[in-house]
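Chemist: Just so you know, the sequences run in chain order A, B, C and D. FYI, the numbering for the first sequence is 1 to 470, going by my numbering. FYI, the numbering for the second sequence is 1 to 470, going by my numbering. FYI, the numbering for the third sequence is 1 to 510, going by my numbering. FYI, the numbering for the fourth sequence is 1 to 510, going by my numbering.
Any given hint could be a false lead.
What the hints assert, rightly or not - Here are the simulated DSS-like pairs of lysine-lysine, each with C-alpha atoms no more than 30 angstroms apart in a straight line:
#, chain 1, residue 1, chain 2, residue 2
1, A, Lys-333, D, Lys-72
2, A, Lys-333, D, Lys-170
3, D, Lys-414, D, Lys-195
Because the hints were derived from the structure by calculation, they are not lab data. A quick note: this is a predicted structure, and the numbers were derived from the prediction, not measured.
What follows is each chain in one-letter form.
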Amino acid sequence: MSRYTAITAADLDAMLDAIGVDSVREMFDRQIPPAVRLDRALELPDGQAEQDVYAHLSQLAARNTSAEDELSFLGAGMYDHYVPAIVDMLIERSEFLTPYTPYQPEISQGGLQVMFEYQTAISELTGLPASNASTYDGPSAVAAAAYMAKLHNGRTRIVASAGLHPHTMQTLRTYAHGFGMDVVEVALRDGVTDAAAWEEAIDAETSAAIFAQPNFYGAVEDAAALSAAAKGGGEGDGPVGGANPVVICQADPIALGILAAPGECGVDVAVGEGQPLGNRLDFGGPSFGFFAAREEYLRRMPGRIAGETVDVDGRRGFVLTLQTREQHIRREKATSNICTAQALNALAGVVYLSWLGRDGIVELGELLLARTHYAREKLAAIPGIEKLHSQPVVREFALRLDADVAAVRRRCAADGVNPGVDVQALSGREEDRGVLLVALTERRSRADIERLADVLGAAVVAERREAVAA
Amino acid sequence: MSRYTAITAADLDAMLDAIGVDSVREMFDRQIPPAVRLDRALELPDGQAEQDVYAHLSQLAARNTSAEDELSFLGAGMYDHYVPAIVDMLIERSEFLTPYTPYQPEISQGGLQVMFEYQTAISELTGLPASNASTYDGPSAVAAAAYMAKLHNGRTRIVASAGLHPHTMQTLRTYAHGFGMDVVEVALRDGVTDAAAWEEAIDAETSAAIFAQPNFYGAVEDAAALSAAAKGGGEGDGPVGGANPVVICQADPIALGILAAPGECGVDVAVGEGQPLGNRLDFGGPSFGFFAAREEYLRRMPGRIAGETVDVDGRRGFVLTLQTREQHIRREKATSNICTAQALNALAGVVYLSWLGRDGIVELGELLLARTHYAREKLAAIPGIEKLHSQPVVREFALRLDADVAAVRRRCAADGVNPGVDVQALSGREEDRGVLLVALTERRSRADIERLADVLGAAVVAERREAVAA
Amino acid sequence: MITTETPLQRDRARTIFEKGARGRRAFVAPALDVPAVDTTELLPARLRRGERARLPEVSEPEIVRHYVGISKRNFDLDSGFYPLGSCTMKHNPRLHERVAALPGHARLHPLQDAERSQGALELMWNLQQALAEVSGLPHVSLQPSAGSHGELAGVLLTRAYHEDRGETRKKVLTPDTAHGTNPATVTMAGLEVVKLATNADGGIDLDDLRAKAGEDVACLMLTNPNTLGLFDRNIAEIAQIVHGVGATLYYDGANLNAVMGLSRPGDMGFDIVHFNLHKSFTQPHGGGGPGSGPIAVSERVAPYLPLPVVAREDAADGGEPTFSLEHDRPKSIGRLRGFHGNYGCFVRSYAYIRSLGGDGLKDASEVAVLNANYLLARLRAHSLPNGRTVADYLPLAYGELCMHEFVLSGGPMKQELKIKTLDLAKRLLDYGFHPPTVYFPLLVDEALMVEPTETETRETLDAFADAIAAILAEAAQNPEIALSAPYSTPVRRLDEVAAAKRPVIRQALD
Amino acid sequence: MITTETPLQRDRARTIFEKGARGRRAFVAPALDVPAVDTTELLPARLRRGERARLPEVSEPEIVRHYVGISKRNFDLDSGFYPLGSCTMKHNPRLHERVAALPGHARLHPLQDAERSQGALELMWNLQQALAEVSGLPHVSLQPSAGSHGELAGVLLTRAYHEDRGETRKKVLTPDTAHGTNPATVTMAGLEVVKLATNADGGIDLDDLRAKAGEDVACLMLTNPNTLGLFDRNIAEIAQIVHGVGATLYYDGANLNAVMGLSRPGDMGFDIVHFNLHKSFTQPHGGGGPGSGPIAVSERVAPYLPLPVVAREDAADGGEPTFSLEHDRPKSIGRLRGFHGNYGCFVRSYAYIRSLGGDGLKDASEVAVLNANYLLARLRAHSLPNGRTVADYLPLAYGELCMHEFVLSGGPMKQELKIKTLDLAKRLLDYGFHPPTVYFPLLVDEALMVEPTETETRETLDAFADAIAAILAEAAQNPEIALSAPYSTPVRRLDEVAAAKRPVIRQALD
Ligand SMILES: Cc1ncc(COP(=O)(O)O)c(C=O)c1O
Ligand SMILES: Cc1ncc(COP(=O)(O)O)c(C=O)c1O
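Taking the hints into account, I'd like the entire structure generated from these sequences.
Modeler: Here it is as structure tokens:
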């Protein structure tokens, strides 16, 4: 008997009998040709008792330095926000954890209502009326938005700000190659998307124009200006007389608590990485991507969407709706291939947003603004460290070190501090050499920032000294 | 607004208005005389955000060396068994975690059925028909059993084996002083209760005769012989012609998986510490005490008891029964004062026992027997270490070290090993000098035992060398 | 009409012992890694069980389904309003479960050396300090396992105190409003209960007290606010009388949630107080425990405190203080249980105290009292279709305002509407509410004891008041509705008499 | 009769946005510990929101009650049988949740340096190895987020493979039994779907395949066993044909639970396979994710694998090996998402693989197939009161035996009893079962696709068979029962047409 099964010897006899075979072996022999049978045992470690598996996985965990083990300023898309205990409690409830996608709405009202509430929260945050119930993650949501743009206007040129996260850019390129679109990158200037280059790059053939808010280097973009430029300032008219491109903004949902809502800025589609909203770091996943758009895109959106309706007795209820967009109905004509998405992560997201609340998300944003400002000025005042740009930032900022970033980071690590992301290591771009991206969450106090300043300052000094010596 | 409350400014106005007072202050002023009002703020640290409380409690946790942090052979009443993940999942379900005692059976069938099942499991384990739904812990359960003996036979003499855990003996004495009973201790001989002294100590005035199984030093007692001796071998006749004393056995529930059930041995009441059954160590609590007895004691038992019945439609259901024993009905005539007990811990217990199952608990016992034997022989073979006794043991055994136990333990700790309990430090008894009590659970592998042997052996050698040098 | 009931729903409740099959299992034993030995040699047959304990034989999925399934047959605090008087069913923050589960707390062995459990000892010390501050009594023992265990400690302390002074005092005064654990404890502690009458204001009858307070009185046990939800305004005088005869004054802390940061038992003159961490300090009740019942005492009673107590020693050099378990109190009454008390509960309640701080605790009590008074006012004012008000049927038993709870009498309702408090309670189940405590305190006819707590919203209080009114209105039309309630619960009214007459208290197995 | 419905039960479902009150909150912000600054200077008004996002304003207890309350309106795997075909709803061990929550996994930042995330990288490497062994394909990428994402990766790999050889092949063959994600993926990957017919045995029509397999074919996507629950015995020949024209063979791993340790896609001739860790490897489905869709590929496709892949380097001195994320694959199709894939799912599935070991995985598949065949046999043999059998109304669509699932046709039932598969499904809800997958695969009339999984007991299978029989018996008496079912669910049949016509997809707020 294998783990978690329940067939006793007596069961087995009775069952084989009912089936009309003499053995399990026969049951398979009658179905699988010998040529493709595996006639040896799988070469895997032997099965273990629960306690031994626990011990093994604990040992593996102990060989990771998590945000619990060091003072970490890592960010660049995923952030060590505090996840309130109620989130864990709710996502661990069997009723949320273990069901499949809600195909039977009568017995899935819980999950469906969660989707509906989640859609409402994302809609509020983005200022856009139509949210789906989640996509895989931030970068793939950007790619999915580009595909939607293609379905919408049939054009194939994507103009993308270099302020997108490198992973977003790479994912976009992978997908775009698949569905036949080209990506044109617009450089940054003074830390933000170069407005002139942006406007110039967007032509009548442009299907989608994409930027990040804040961008990868932490700078807040002028979303309204970028949207307006993309749309040529006109009503329904693109920059050079054609139809407007779809303006897509990849946003940090925490920053959206205080930043102008994309929908208010003329953005058509707002997507982003949902991890900061009550999801664990989990070494990068699972989390969720959010995806919201103007009404006109509703029937071309990817993913599940919950809608409100009534039952035969007139009672309010929720169902998966607009399923004719989806793969199981439309197959090769579907607007996306997505099936399993990130429902549980989206639940964590809406619980987290309820916990923060209307005022709390603003307070959180203001706290981050103040602490980030403090940290940025404090660090930039250290000799050998300067700001990469002076644009407004919310919770993350880029510095340029006059020292080898990898070496500096190693020194900091020895002191239990992870000062942030080595940007060049992530992006591979030569111009990112020396750039350190420092992220804050509400878990990083003033004392933590001061410790960072001490440790990072000392590391930079030591590295420069050594460089001079060498 | 305080944490977890929900009264907004608008609520407050409306509520004060409805109450007919102008302020919260007035509401209190009209009820509490000024002389006993506290007119200053409580001197407590300021309230903190959830993340900060989490950080504080984590820091405190980090200053403890738990069984996760060292190789621990501590036991002496509480054991580091593996708690299966389903236990945590179930005890964390709101439906089990947050209700009160099931005073309204119609909406408490879950909790009541758990009690009924728990009682069944304890009854099976002890071989006694009547189990209550839990008491506080092992030692207080022994004291409660002694009180029941007094209520049963009106006598006041308690004969107790010195093999009881020191905490049990101390608790028994505290309680006994309260309800007017005397405790006479019977010494051990060769590691087990001295049979002759036991028989002699039990006279016609003896209300209760109490022993532990296995006893504090790990030795398995001959429960049948002790019971028979207590009862003078006769039918209903005490040792010197009076009525029988109540024979009480405090048992390790894990050991009961393979040891003769107390009920089979002539024991009247079996009690014990439930922690080994799926409960965390928790630095000593909360866990639960189990309490089972022969039928005749049913109406004098302490604590809640769930019973089966039917509802008005004939449906099977469960209720708290025999409540006329209890304090809320009988007040000063109650058989006990217990009210809140350990329901959630008992749930963990019955889930754990279901997880182990009929065969599993035996396999576990056999594994412990084999590993304990291996460890005992291995350690006793080290120069300077000998067995305290040669009685059969199940999962814990006592050694005598020819070295200062405290010093040896400190040396081991430096190597990340906690070799067991310093018995004298716990019992305060001079004859326990040099005694180390080593406990195993299924989490301690052969490799762990070998590491213990290495580290403990080296520590004893080093200590003896130093003692010679000094 | 088509029946919506299916065979499954008609199924009788089955216990885990009635599920599974011989040979099924969830447990997989770790491998035998030591040399195989003949274990019958290690443990002779004489000492072994004859038959295996007939524990369940079920797979892990069966266990999960079984207990998840029966859990759904419970009402709980996370599912609805639970105004169970005297029980302080306030929100249980999940932060507490999270921090209690940290391995540094949860897997800490109680016999770990003090040097290697400094975090736990500091936590206990901090909690002792906090409880001392809240109660106004300086010395704390965290040992007792629940309220009634704290009471036992307290009465034994009182005995020890008197015995140490060479006095044998046998009587303990308890008001007739006292909780059942008070008199039961007195008996268990070898003393005698003497009942005190309640005056017209719902407080202690001072004349009766004066008459009974003699040199043979060991102690007066009191709850303040008492179980009527009323603060005894004569508390100073009561203390004077009791202390005047050399007795101690014991505070049953079950109602502490009314006065945190507002009034302190120590300042009222109490010598001993127990706390119910599972009430005021939000340890989840677990369906009947675990709880924790620390006690705080005055100087004169301190020498007798149960062991152990956590002590703090400041470092001579101004470094970190160290904490230890003090075992050496020669006059101590001794231990009341194993180890150091319910540490897991301390973690939760300490986290709560750190979350709220002093101001937060005070706010909690203020809102608890506000909510109770608001609900009382809402009920009172509620008029019914027949022109009467709720208060006509369910008058407040004593007083005008209340503290954190209030007691209504169902006497007039019974008289006029022919439904009893029990019926009202059962019908409330259909409305989705946990009923208040019923038939306690004993001196109120058809008592209904309502404690909303501070964590409820105004909307919930309104809905509850509406439900009470609706039930009374229904009853005015047709008492049968309440008399046969509940209808929508997993089972309906159960035959308790039969259960007690021929007790079936375990599953029969063959 | 007295109504048992109360106002509460008649309440319309309210969203969290309809609860609470202005100014209520759960969140308490950490103190501002840095110098206060005018944040409008830091972030000019132009870049700021005008109005606050109208997020809920609720207390923590309200949040808990709300979500606990609506959770009870879900059916879930821990509450009952969930034979949803193609979804492999097997038991989700809670051990997996426990280990995934360890801070060393859960709070590990994806950009942590490789040296300081060796545990995670080793875990991923071990998982890659295990999946390679189970599939018989040596190279694994864990990146894809779910099955369909794995499919996209696979089709893009196929494209890259052909493009690298200078070929542009546009056609992808998919059988008409294919899951919807297969054709949808093909389109998203810029290729064209060509449908293949199914033969009388339920397998690929070889003639059709031969006819369509040309040099313009990039790939054949197949599930084996396929969505009829049947193992295509011609698989070797199919592989030969496909490879013969230079195309790749893609294995949709959704049905891997039938063949673990018994038959391997690599050995069948597949080039690319995706796994659904949320099916065969028991990542809980979460009500619609998260999932994880790793892919394993043969040598020839390996150069194009998406990035990153975990590599292992053995220490020269025989010490501990080190693990790293390999980013340098010049021919890679690139990234498909951020970071390294759904690591939290890897932890769970890896724990599962370590718990079961190779033998356990094989046992799991054996019992999965045993359970499916037993249930099929039980259903077939079940006779009804009217003298007919279940098989008369619900014949097996294809084949005799089945693998881990089987597909019945509700055609005769619809014809004779006048109830459709949908009605049967809805009536099953009243019996406490989750219905099978319905109306898929498309080529079966009124399809009912049943996958019991290995973690169910025989008793459960029997009960399900009895329920199906009971519903057919009811329908023979009175089809109206099923036609109007369900009755006992939180809501009854919902108006999906209205929902789609005038979509209301968010809560209106004022
Ligand atoms: C007034 C009062 N005193 C004492 C107790 C007993 O407390 P415990 O249940 O913790 O033993 C209670 C509990 O209901 C109570 O309400
Ligand atoms: C046969 C088959 N293929 C592919 C998929 C898609 O997998 P996912 O939902 O993980 O994207 C499914 C899921 O239902 C399936 O059943």
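Chemist: For the pair we were handed, A:Lys-333 and D:Lys-170, check the Cα-Cα distance against 30 angstroms.
Modeler: 16 angstroms, holds
Chemist: CA of D:Lys-414 to CA of D:Lys-195, is that 30 angstroms or under?
Modeler: 28 angstroms, holds
Chemist: If you draw a straight line from the CA of A:Lys-333 to the CA of D:Lys-72, is it 30 angstroms or shorter?
Modeler: 36 angstroms, violated
Figure legend: structure checked against the earlier numbered hints; the only hint not met is number 1.
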